[in-house]
Each structure stands twice: as structure tokens, then as C-alpha cells.
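2 protein chains.
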Amino acid sequence: MKRIMLVVSYDGTAYAGWQFQPGQPTIEGELNKALSGLTREDIHVVGASRTDAGVHAEGNVCIFDTESRIPAEKFCYALNTHLPEDIVVQNSEEVPNWFHPRKCRCIKTYEYKIWNADHVRPFNRKYTNFVYHDLDIDKMRAGAAYLVGEHDFTGYCSIHTTVPDHVRTILAADVIKEGDLITIRVTGNGFLYNMVRIIAGTLIQVGDGTKSPEDVKKALDACDRSLAGPTAPAMGLTLVRIDYPAKNRAEYDKDDIKE
Amino acid sequence: MKRIMLVVSYDGTAYAGWQFQPGQPTIEGELNKALSGLTREDIHVVGASRTDAGVHAEGNVCIFDTESRIPAEKFCYALNTHLPEDIVVQNSEEVPNWFHPRKCRCIKTYEYKIWNADHVRPFNRKYTNFVYHDLDIDKMRAGAAYLVGEHDFTGYCSIHTTVPDHVRTILAADVIKEGDLITIRVTGNGFLYNMVRIIAGTLIQVGDGTKSPEDVKKALDACDRSLAGPTAPAMGLTLVRIDYPAKNRAEYDKDDIKE
Chain A
129 MKRIMLVVSY DGTAYAGWQF QPGQPTIEGE LNKALSGLTR EDIHVVGASR TDAGVHAEGN
189 VCIFDTESRI PAEKFCYALN THLPEDIVVQ NSEEVPNWFH PRKCRCIKTY EYKIWNADHV
249 RPFNRKYTNF VYHDLDIDKM RAGAAYLVGE HDFTGYCSIH TTVPDHVRTI LAADVIKEGD
309 LITIRVTGNG FLYNMVRIIA GTLIQVGDGT KSPEDVKKAL DACDRSLAGP TAPAMGLTLV
369 RIDYPAKNRA EYDKDDIKE
Chain B
129 MKRIMLVVSY DGTAYAGWQF QPGQPTIEGE LNKALSGLTR EDIHVVGASR TDAGVHAEGN
189 VCIFDTESRI PAEKFCYALN THLPEDIVVQ NSEEVPNWFH PRKCRCIKTY EYKIWNADHV
249 RPFNRKYTNF VYHDLDIDKM RAGAAYLVGE HDFTGYCSIH TTVPDHVRTI LAADVIKEGD
309 LITIRVTGNG FLYNMVRIIA GTLIQVGDGT KSPEDVKKAL DACDRSLAGP TAPAMGLTLV
369 RIDYPAKNRA EYDKDDIKE
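Chains as they are written, first to last, in this note's numbering: chain A, 129 to 387; chain B, 129 to 387.
Take the hints with a grain of salt, since some may be wrong.
Copies of the same chain look alike in the list, so a pair counts if it works inside one copy or between any two.
Said to hold, decoys possible - Mimicking DSSO-like on lysine-lysine, the simulated pairs with C-alpha atoms at most 27 Å apart in a straight line are:
1. Lys130 <-> Lys241
2. Lys254 <-> Lys241
3. Lys346 <-> Lys161
4. Lys267 <-> Lys231
5. Lys202 <-> Lys254
6. Lys254 <-> Lys231
7. Lys130 <-> Lys267
8. Lys305 <-> Lys241
9. Lys254 <-> Lys345
10. Lys202 <-> Lys346
11. Lys305 <-> Lys254
12. Lys254 <-> Lys161
13. Lys254 <-> Lys130
14. Lys161 <-> Lys267
15. Lys345 <-> Lys130
16. Lys202 <-> Lys345
17. Lys231 <-> Lys346
18. Lys130 <-> Lys231
19. Lys231 <-> Lys305
Because the hints were derived from the structure by calculation, they are not lab data.
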């Protein structure tokens, strides 16, 4: 029995999200089906991030256990021939059997992409949120800067969240402009439900003048969801990568991995 | 009566090309339908470039004549509400009634995009040609350099071409690498049938070692299509822009515009 980790990219447009739901197209469902077909085992992957309907990923992470004799690093090639064209496994490798993608400490990077022009661009219409109001990048950057550090992000999570602890650390929050494309890039040690999309919705309002950069801090300090902006549409959000910085089990054990 | 010029972007994936064909989805057909619906006139656009099935455009150009009282620069906004989401008009403006998008001298820029990695990237799978062999960019650049200038491009056009004169001038031919994305960018005063796709197919063979950079020159000098590489797939090709450098009718008249 070996444990294999996959790095999975997907265009989330056609899916009801990562998490398996009977009768719905999901990333997890497609991976389970392709892996079970390939290995002739009953495989259920465990994912790092249960992305929402319509959200994309450059590199979500999941694991599964198998008796298969396919070499771990060849799994991605074999698997991609069994997957639909909008899901592509970018890497596969063996990991220790204590490794768990959600219980092990990690750093996640998300990008929220905005196409800020007079007209939609057909090529990224499914991967960007189209905003035609002029956005002030300097103000968006000033607003984003208030989010960096350890904060209670109650003001920036869905009221439907079920997690009790809302304290998270954002390590970096950048606003990058390349031509008409604006990318909000956020890196942190964990994100609450809808957190990046609410950050994006708030920074768009800062950019178009509806809010001031200081309003970003006000919603944060007040822990008041109603002071932040709307939840920006899912199509603009991409989970870019997940890094597991600890190098061995002893380091992870400090984080109390539950096996 | 006024003449309006449109700059049209489209994802060509779902279309049988620019040119109207009864019973087939075409860019020209969709534009005629949307414009006729909007103006209540029977509009037939005249396009600058009849792109092939599956080829994309950032900025193809077309004109039409109308009695409509919609201001020329507002046409794009009105029109985009009538068009499918994979065709977006980026600009509309009035042009003199002698202006003709094919008969007036122009400079066209095409990009052929290659995703050169171990695995497909879901987000650009429809806009790039996936090549997993390592491509040598320096060799591709050396090969591309032979194409610049005025040449008889018989070796680089489809044997099905119907145009008698195969002399064209390529003003620039660059090979740009950004991460795993390789872009062949070609600018010229005119292109023969399949010319950019044959250039791309040849440069890919130079990149993977099947051909040498000097083989690019050999196919050119010999005017022999069989010495060039295969026609690369349509999905990688985008017509980026068309520029009309002359500023007035007198300048165009030198080019013998036929009205």
C-alpha cells in the first residue's frame, strides 16, 4: 500500500465544485472515477481544498492510497488519459502514509482575476470577472495591505461558515496590473468560506470608489461581514498552489496531525 | 449612409471559420445576424481576414454600411448584447466610404501559441497547441529569422491556395518564451493560405530537432512545400491585430483601391 499525492489543475466552469455530490459533476467525483477505473480499486481521494462551484485551480492537492504497481510519478500521465479535458493532473508523487493534505500545515495561494476594460475578452471570459468601471489600482493596493498579518477574518467570511475559529494569517496580498488584467494575489495559512471572493468584492469596491481603502480595515476590525463588499463571482477565482513547508513528520507532529 | 468599421475578437473553437457558410456557425454569419437584428436592415459585413475553422482573433476587422442612427462608437456596446459570448466587438468607428478592409494596404500580426510542458494547462487548452517535447527556443529563433524580409512564400503556403502571387513581406518573426508558453509572433503585409500555421509547424520541428534552422531557409529558397513542416493545428493560431497605416485616401489611392 502506498500513498500518492496529486497536484490537480482544472477549469471549474462545468463543475459543481470539488466535493463529491451524487448526480452532480464534481472534480472529486471525476478523480475517483478515473482512479478507480485505472487501478481497478475503489479509490476515494482526500482533497486539500474543497473549492466551490465554478472556482478553478492551477494546483489543488489530493491524496489516495493504492496497491497499484503503476510508479507514483507515472500516475499523472496514465490518469490524464482517463480524465475529461478540463481536469489535468500536473504531478504525482509518493508521500509518507502519515501525510494528510488538510491536517498538515500548508500555505495556499489564490488569485482573483479581473478583466478591467470596455469589453469582455473572449479568451479569458470564463476565468476573469469582467468589470468595466475604471479601477484605481493604488487604492486597491492600499486596501489590500490592511489584510496582511494575523487577524480575525469574521468580517471576510460567509455567514454560513461552520468553522468556529476565524483567526487566519495572510502572508501577502498583492494587486498586480498587466494591461487590462488585474490580479489580486493572496497567500495565507488558511482561508475561511468565501474569504478570497469577499476580499476581491471589497477591493473592487475600493477600486471603483464605492469604498475607501480604510473601509477594508473597518470591516476587519469590526468583524462585521456587512461592512465588507459583496462576494465576487466564482469564475474569477483560481487556487494557484498549495505548499507544505514542513520537511518531515516530526515537524508536522508539532501541528498535531490526526491520523 | 455611413460606413462603420468593427474590430472583432472571437474564440474560434465553436466556429467553421470567419466566412459565411449556410447551415454552419461562422463569425461572419453571427455578425450579419446580430447587425441585421439591431438595425432592421439586411447587413452583410466585409471582413479583412477570412480566418479558418478553429482560428481565433483578438482583432479582426470588418466594415458594413448602414442608415442606422446609432452613433458609430456606440455600435460595439449595442452589438455585444446581440452576439454570442465567444464573439466580442472591441471597437466601432466610422470610416470613409472608400475604405475597404481587404483592398486597403494593411499590416497583420498573428500569434501561434504553444504550451510546452509535461501536461496540458486546462485554461488555455483551446488557445494553444500542446507540445511535450522540449523545444529549443534559440534554434526556433534562428529559423524564424530566415523568414523576415520579402520572399516568395510558395514553400510556406497550402498547395490549395488559389492566389497566383506568392511574394509577401514579413516585417518581424519573433519567438517569445514566458514560462511554459511559447509564442511565435509574425507581422507582415499579407499572408498566404495556411502560411502562419506552416511556419509554426516548421519552427516546432526546428525546436524539437527534426529540422535544423537552415532547413527553414531551404524550404523558402526551393519554394517547395514538401520541405517545410506540417500545418500546425488551428487552435494555436490567433489573428492579433490589423493596422491600416495610410492616413488618407491619396495614400491609399497609390495602392489602387478598387471601389
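Hint by hint, here is what the structure shows:
{"no.": "1", "hint": "Lys130 <-> Lys241", "result": "neither (38 Å within a copy, 39 Å between copies)"}
{"no.": "2", "hint": "Lys254 <-> Lys241", "result": "both (10 Å within a copy, 19 Å between copies)"}
{"no.": "3", "hint": "Lys346 <-> Lys161", "result": "neither (46 Å within a copy, 51 Å between copies)"}
{"no.": "4", "hint": "Lys267 <-> Lys231", "result": "neither (36 Å within a copy, 47 Å between copies)"}
{"no.": "5", "hint": "Lys202 <-> Lys254", "result": "between (31 Å within a copy, 25 Å between copies)"}
{"no.": "6", "hint": "Lys254 <-> Lys231", "result": "neither (32 Å within a copy, 36 Å between copies)"}
{"no.": "7", "hint": "Lys130 <-> Lys267", "result": "neither (50 Å within a copy, 43 Å between copies)"}
{"no.": "8", "hint": "Lys305 <-> Lys241", "result": "both (10 Å within a copy, 22 Å between copies)"}
{"no.": "9", "hint": "Lys254 <-> Lys345", "result": "neither (31 Å within a copy, 41 Å between copies)"}
{"no.": "10", "hint": "Lys202 <-> Lys346", "result": "neither (50 Å within a copy, 40 Å between copies)"}
{"no.": "11", "hint": "Lys305 <-> Lys254", "result": "both (19 Å within a copy, 24 Å between copies)"}
{"no.": "12", "hint": "Lys254 <-> Lys161", "result": "both (25 Å within a copy, 24 Å between copies)"}
{"no.": "13", "hint": "Lys254 <-> Lys130", "result": "neither (37 Å within a copy, 35 Å between copies)"}
{"no.": "14", "hint": "Lys161 <-> Lys267", "result": "neither (46 Å within a copy, 43 Å between copies)"}
{"no.": "15", "hint": "Lys345 <-> Lys130", "result": "neither (47 Å within a copy, 53 Å between copies)"}
{"no.": "16", "hint": "Lys202 <-> Lys345", "result": "neither (47 Å within a copy, 40 Å between copies)"}
{"no.": "17", "hint": "Lys231 <-> Lys346", "result": "neither (32 Å within a copy, 60 Å between copies)"}
{"no.": "18", "hint": "Lys130 <-> Lys231", "result": "within (19 Å within a copy, 66 Å between copies)"}
{"no.": "19", "hint": "Lys231 <-> Lys305", "result": "neither (35 Å within a copy, 38 Å between copies)"}
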